[in-house]
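Peer 1: Each chain is listed here by its residues.
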Amino acid sequence: MTGILIIEQTLNGLQFGLMLFLLAAGLTLVFGIMDMINLAHGSLYMLGAYLMASLAAATGSFLLGLVLAVLATGAIGAVLEFMLLRRLYERDHLSQVLATFALILIANESVRMLWGPQQMMLNAPAALAGPVELLPGMPYPAYRLAVIAVGLVVAAALYLLVTRTRMGMRVRAGASNREMAQAMGVDIRRLFTVVFAIGAMLCAVAGAMLGPLLAVQIGMGEEILILAFVVIVIGGIGSIRGALVGALLVGMADTAGRAFLPILFRAFLPPEYASGIGPGLASIMIYLIMAGVLFWKPQGLFPARG
Amino acid sequence: MNPFHIASIGSLFSTRRIQGLALAGALAASALSGIAIGADKVRVGMVSTLSGPPGALGIDMRDGFNLALKHLGGKLGGIPVELLVADDNFNPETGKQAVERFVKRDKVDFVTGIIYSNIMLAAGQAAFESGTPYVSANAGPSQYAGKDCNPWFVSAAWQNDSFHEAAGQHATNKGFKTVYLMAPNYPAGKDALTGFKRYYKGKVADEVYVRLGQLDFAAELAQLRAAKPEAVFVFFPGGMGVNFIKQYVAAGLAKDSTLILPGFSADQDIISAVGDSMLGLFNTAHWSPDLDNADNKRFMADFQTEYKRIPSVYAAQGYDTAMLMDAGVRGAKGKVENRAALMKAMKTVKARSVRGDYRIGANGYPVQNYYLRVIGKDAQGQIVNKTMGTIFANHADAYGKECKLK
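As you go down the protein sequences, you meet chains A and B in turn.
Just remember that this note's numbering sits 498 ahead of the position in the first sequence, which is counted from 1.
Just remember that this note's numbering sits 9 ahead of the position in the second sequence, which is counted from 1.
Bound-form chain A, shown alone (with noise of 0.2 Å):
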């Protein structure tokens, strides 16, 4: 029984990991390459998600309508960068901080605007609505299982284009040394427009995968992309593995802190502190876990500059 429980919460904090992953990989992309503080990408997340929403039931598809939000994001962030965010490269970290977040405010409220304060309904599709045995006496979610998997695609093709691929090889030489990536003839400016629109994407698949889980609604992308900070900073700037070992690490530690510190606090603590005390520490032991790796690795798990 123990044992299947540990396998349950594992799955549930490799989904979680997963998805952080997503959310972190473009964050450390564009912060890593393009030495640029982001905090709009939780904005794409959130517009990836409520594109999710209306695409999926316009085309009454729950995977066209996945196609289409995370082109339609990627887009959404070429054009971003392309017209603001390039001009921001050169200023120092305060105006990029200003101006995106001037982004978020802009972005809550268009979305207030578009789709209403409401939140949006955003529904599992119906194959993967119920649970799928995965060992005997052991139900786990269908839909959980599919983000696990789309999780798992999406960090794999990323590791492939990152290191098998041209453009993967520039991206890689961009984060470690942007000035000789330049004179050794690499256009900077349209890697940087593209590696944003792979960053918005990655959001964009995220925010349409969560949403069945969580909400979609304004406001979703400020709480998750504190995450993302978080996990960026334990896994080192600029670093895609950094970011996967950070991300599992993260989901892992704030699935265990909520499935077992109150177990472990209800042995001496009456059941309303102990089930307040575990998730309060599950979620400080993540900025512990950041905190202890920023003093023994100040640089990140993962740096990736030499």
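Take these hints with a grain of salt, some might be off.
[Stated by the list, open to error] Heads up, simulated EDC-like pairs for lysine to aspartate or glutamate below, C-alpha to C-alpha not over 20 Å straight-line:
1. B/237 - A/685
2. B/84 - B/49
3. B/395 - B/299
4. B/342 - B/49
5. B/264 - A/631
6. B/395 - B/304
Bear in mind the hints are in silico, worked out from the structure with no lab data behind them.
Knowing the structure of chain A, use the given hints to seat chain B on it.
Peer 2: Quick look at chain B alone, frame taken from chain A:
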């Protein structure tokens, strides 16, 4: 760079903006609904949550109230009514200011409308101090029921614990030996589980509190499965409830453990968001769409004609709130300036109600029946609640005996 401040700054910004809009909306609403002529009128100040995701409840309540006014010919106790509406934006401070404005500037005869107990507790005092009758259409905090009960407070709804108490009694009636309890970690969550345990005689398998606003319950549902309880009782308001029920069904738990809900987590607002997964769920409330009385039939028919949707329990409460005010004005022989007489009449005169007969106890809270409901399809194939039986007959809340009011 400090990303940790984003959320708070962001919400500050949007609150300001909504406030402006709400004010404009309230002004427009009061201008439109001002049907009074001369001084001979009853003024009602309604403060409610009418915008954003938490606003769905307030909107239903307001529409129910307006339908009652329409049925009463725009009059309360035969006197033309003037309804002033303000949005509290789900913010206790805004709610308090709105109540103060109504009692001081507009000198209303009744205040009503607050949905959420935290706002009620912040705003109630302003009405009580001015000696203006407050008629609750929803919020029923235990603080106003027990030793701090107030002569200016009367409820046309229920005391907060009541639905949960009925659910606990239902679990006892069904003979469930183990029940697993879950709620958000905030006062109303704790009150809910306390209310349930007051009437549940079996064993509590576990009692789990989660962060208020949590939307993903994967970790908690895995724990729940491992505990193998016979039944599960949860109180998750609004969007939390929608997500919990969806995920509970998706995890395949519905066939192992019976889910019992308070009516708040299984009413029309939640049903329309969750859909077919809710069929067959049991829940408890003081009202149901199919209650067999003439007032309810008329209410159900006219509400759907007027607003093109099935009314929720909040709409029913709004309707009954206006009916209770009507009874109060009639009982006070139309002398609305005599506030004490208004209060006395509301507590004694029998008011019409879509829930059937009920009376008001000494502490201002209703003494009434609570029903077991099951979610099923009606003749038109719409998903609605259906009455399965009476759990409590003439049930009074647990705090009233500490109240010194007579």
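Peer 1: Give a verdict on every hint.
Peer 2: Right, here's what the structure says about each hint:
1. B/237 - A/685: violated, 60 Å
2. B/84 - B/49: Roughly 11 Å separates the two Cα atoms, so the pair holds.
3. B/395 - B/299: holds, 6 Å
4. B/342 - B/49: Distance ~13 Å between residue 342 of chain B and residue 49 of chain B Cα, so the pair holds.
5. B/264 - A/631: holds, 14 Å
6. B/395 - B/304: holds, 17 Å
The earlier numbered hint that this structure contradicts is number 1, and it is the only one.
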